[in-house]
Structure formats: C-alpha cells, structure tokens
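Protein chains: 2
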Amino acid sequence: MGRWEPNARGRLEQAALELYVERGYEQTTVAEIAKRAGLTERTFFRHYADKREVLFGGSDTLRDHLVNAVAAAPDSAAPIDAIAGAVEGVGVLFDERHERARQRQAVIALNAELRERELIKLASLSAALADTLRRRGVPDPAASLAAEAGIAVFKIAFERWISGPGEPGLSQLVRESFDALKAVTAGT
Amino acid sequence: MGRWEPNARGRLEQAALELYVERGYEQTTVAEIAKRAGLTERTFFRHYADKREVLFGGSDTLRDHLVNAVAAAPDSAAPIDAIAGAVEGVGVLFDERHERARQRQAVIALNAELRERELIKLASLSAALADTLRRRGVPDPAASLAAEAGIAVFKIAFERWISGPGEPGLSQLVRESFDALKAVTAGT
Numbered sequence: 001m002g003r004w005e006p007n008a009r010g011r012l013e014q015a016a017l018e019l020y021v022e023r024g025y026e027q028t029t030v031a032e033i034a035k036r037a038g039l040t041e042r043t044f045f046r047h048y049a050d051k052r053e054v055l056f057g058g059s060d061t062l063r064d065h066l067v068n069a070v071a072a073a074p075d076s077a078a079p080i081d082a083i084a085g086a087v088e089g090v091g092v093l094f095d096e097r098h099e100r101a102r103q104r105q106a107v108i109a110l111n112a113e114l115r116e117r118e119l120i121k122l123a124s125l126s127a128a129l130a131d132t133l134r135r136r137g138v139p140d141p142a143a144s145l146a147a148e149a150g151i152a153v154f155k156i157a158f159e160r161w162i163s164g165p166g167e168p169g170l171s172q173l174v175r176e177s178f179d180a181l182k183a184v185t186a187g188t
Numbered sequence: 001m002g003r004w005e006p007n008a009r010g011r012l013e014q015a016a017l018e019l020y021v022e023r024g025y026e027q028t029t030v031a032e033i034a035k036r037a038g039l040t041e042r043t044f045f046r047h048y049a050d051k052r053e054v055l056f057g058g059s060d061t062l063r064d065h066l067v068n069a070v071a072a073a074p075d076s077a078a079p080i081d082a083i084a085g086a087v088e089g090v091g092v093l094f095d096e097r098h099e100r101a102r103q104r105q106a107v108i109a110l111n112a113e114l115r116e117r118e119l120i121k122l123a124s125l126s127a128a129l130a131d132t133l134r135r136r137g138v139p140d141p142a143a144s145l146a147a148e149a150g151i152a153v154f155k156i157a158f159e160r161w162i163s164g165p166g167e168p169g170l171s172q173l174v175r176e177s178f179d180a181l182k183a184v185t186a187g188t
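Keeping their order, the protein sequence lines are chains A and B. Count the first sequence with my numbering and you get residues 1 to 188, in order. Count the second sequence with my numbering and you get residues 1 to 188, in order.
Treat the hints as calculated values from the structure; they're not laboratory data. Just so you know, these numbers come straight off a predicted model, no measurement behind them. The reader is advised that the hints may include incorrect statements.
[To be verified] Some chain B residues flagged as far from chain A (calculated, every beta-carbon gap over 12 Å):
#  : residue
1  : ASN7
2  : ARG23
3  : GLY24
4  : THR43
5  : TYR48
6  : ILE80
7  : ASP81
8  : VAL92
9  : LEU110
10 : GLU116
11 : GLU118
12 : ILE120
13 : ALA143
14 : SER144
15 : GLU167
16 : ALA186
[What the hints assert, rightly or not] Below 27 Å or equal to it, Euclidean Cα-Cα: the simulated DSSO-like pairs (lysine-lysine) are:
#  : chain 1 : residue 1 : chain 2 : residue 2
17 : B       : LYS51     : A       : LYS182
18 : A       : LYS121    : B       : LYS121
19 : A       : LYS182    : A       : LYS121
20 : A       : LYS51     : A       : LYS121
21 : B       : LYS51     : B       : LYS121
22 : B       : LYS35     : A       : LYS121
23 : B       : LYS35     : B       : LYS51
24 : B       : LYS182    : B       : LYS121
25 : A       : LYS35     : A       : LYS51
26 : A       : LYS182    : B       : LYS182
Glycine included, every Cβ here is placed at the ideal spot set by N, Cα and C.
Make a model of the complete structure from these sequences and hints.
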C-alpha cells in the first residue's frame, strides 16, 4: 500500500464505529481499527490522534460551516435568523450519514468520558457562534443567547433525527425545532 | 473538638476556595483544606467525597429547587413561564454568596476537568427540568427546548452576575436575560 490512501479517513471511521458498537469503545484498540479498515496503525495516526478523536473528527468542519454561514448572513438578518440559517445549513453535512450518526450517538451514550467530550464540543460551538455574532456588532447578552439557543435547537433536532428513520432530514427538523423554540419562548 | 461541627461544611468550603485561589486547585490537598478550616480530614470526608466536590456540593440543592418550583407552578403556566419562575427563584440561593461564586468560577475557569464537570452539571439540570415539564404533560420538543432555554439563561445571567459587583442581584439578571431571550427569538 502506498502512502496515500484514498478515503482512508472514512474507512477508518467506519471500521472504528463498527468495532465500538460490536465490542464496546473501551475494549477496542487502534490496532484492531486499522486492521478492520485494511490499513496500518501508522495510517491511522496520520488521520486521528487517538481512538476517541475518530468520534470527534468532524467537529472542526462543523464549527467552520456554522461560523462561516453566520459571518456571511446579510447585514439585515436578525441574530436569531443568522444562527437559524447556519444551523439549518449544516444539515447537508449529515446527508448520507444517518447510520453513522446513529452508531456514533449509541457509542457516546454508553461512555461518560465521551458524553463529556460531546458537551465540550457543543459548548465550544456555542462560544464560536457567539463570537461571530459579536464581530457582527451584536451586543451581549443577545449574542450569547442566540448562540445558546441555536446549539440547543441543533442538539434537540439532531436527537430527533437519529432516533427516527432519517426522513425528514436534519435540516427540516432544525427548521421545525426553531419554530418550536419561537413558540415556546413566546409562551404559547 | 466534638463530632458535631457547627457549619463545618461552610468552613471547609471557604477554606478550600481560599486555597484554590491562592495556590491553585491542583496543588491543594484535602489535608491543607481541613487544616485551614481548623478541622480534621475525617470531618472533611464526612461532608465531601473529594476536593472537587467542594465546588459542586450545591448542585443537588440547586436541582431540587428548580425541579420543585417547576412542579409547583400553576397548571395554567406556559412551560417557559414555569421555567422562568423556577430559575428566577434560585437567585435567593446565591444571596450572600457573590464573592464565593466569583472565586469558584475563577477556579473552574483554570482547570479543564472542572469546566467539564460544570458542563455536566448544567446538562443534568436541563435534563431534570425537561423531565419535570414532561411529567406536567408538556410534549417534546417543547419540554426539552424550554429546559435548554432556561439553563442557557441561567448560565448567561450567572456569568453577568459574577463579573459584576453583585448588584443587581441574580434574580433580576435572570429576569432581564429571559426578556432578552424572548426578544432574540422573536427576531428583534
């Protein structure tokens, strides 16, 4: 095998998820993941720092999508609408990933350390969104509140999406959850 | 000293916070905390499982106050109003605690493990509030969204409170933050 492995990252992720579901996250080694993917451990470590990061490797992409979308919203957009558009837009990142997302969540739910890591990920997404709103001139507490609301909606819509069959898609569930949040905060 | 130490818990908390601020959380031992409080290590362990739990000893009280207040809200109260009333009501738990809360937050901010523990605390408060709303017949996603919104408001109001002089009080900042959230989600 040459140094360049087409889609090695995706193969490693799929192999890791399969093993975490079959044997448990704690019991799975990097050597086993690499073997299942038909790759070397060395290739594994070119793509992921450790077996935990296989589950969080998409965090930076997710944050970049969210931040860029908020930064690119029209000046006239209300903060909550800039956030809603950004969160809705990340739905496309998860197209074709329903089964992987479902497996990933099942693995995370069984491990306290992974649940903590997931909470940290969501908190850092919220902080990045709030920073982006502040750079657009939105004052606090509005910037922090809109960002927290957006991440709460994302989390709840995501849970609905993975506990269902994948249709309706994540973007639609995000849209519905934002509408539900507006109704809830309006006291209806 | 007899077995019963009046307000040993409060003395241990104050001693621990002083030492965490002076020397750093990692460098402080239970023996040092007990000594500073004028108590024995044995007394420490009657009140706290370890030095970390000194910082999180109020979590159960906080959760019970929130859950009981939501459960006791009038049947006619909209979910967000039941949550807002509960979160506003816990402000009284923090009366006279501004300096301790400020020290605690400064310690937590410097330590990744403590920041994680704080996120877990907030997530478990949100889950408890959502459960309480469901028991009142509020369907999802409204129950989860109202709970997440309430905890987001609490977190943001709390940060405003400890970064200020203590006046206005926490309850008032919670009220203001709920009003800000309503304005934000309404798109204004």
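Structure-based check of all given hints:
no.: 1; hint: ASN7; result: holds, 33 Å
no.: 2; hint: ARG23; result: holds, 26 Å
no.: 3; hint: GLY24; result: holds, 22 Å
no.: 4; hint: THR43; result: holds, 30 Å
no.: 5; hint: TYR48; result: holds, 20 Å
no.: 6; hint: ILE80; result: violated, 5 Å
no.: 7; hint: ASP81; result: violated, 6 Å
no.: 8; hint: VAL92; result: holds, 21 Å
no.: 9; hint: LEU110; result: holds, 16 Å
no.: 10; hint: GLU116; result: violated, 5 Å
no.: 11; hint: GLU118; result: violated, 10 Å
no.: 12; hint: ILE120; result: violated, 6 Å
no.: 13; hint: ALA143; result: violated, 9 Å
no.: 14; hint: SER144; result: violated, 5 Å
no.: 15; hint: GLU167; result: holds, 17 Å
no.: 16; hint: ALA186; result: violated, 7 Å
no.: 17; hint: B:LYS51 - A:LYS182; result: violated, 42 Å
no.: 18; hint: A:LYS121 - B:LYS121; result: holds, 16 Å
no.: 19; hint: A:LYS182 - A:LYS121; result: holds, 25 Å
no.: 20; hint: A:LYS51 - A:LYS121; result: holds, 16 Å
no.: 21; hint: B:LYS51 - B:LYS121; result: holds, 16 Å
no.: 22; hint: B:LYS35 - A:LYS121; result: violated, 39 Å
no.: 23; hint: B:LYS35 - B:LYS51; result: holds, 14 Å
no.: 24; hint: B:LYS182 - B:LYS121; result: holds, 25 Å
no.: 25; hint: A:LYS35 - A:LYS51; result: holds, 14 Å
no.: 26; hint: A:LYS182 - B:LYS182; result: holds, 8 Å
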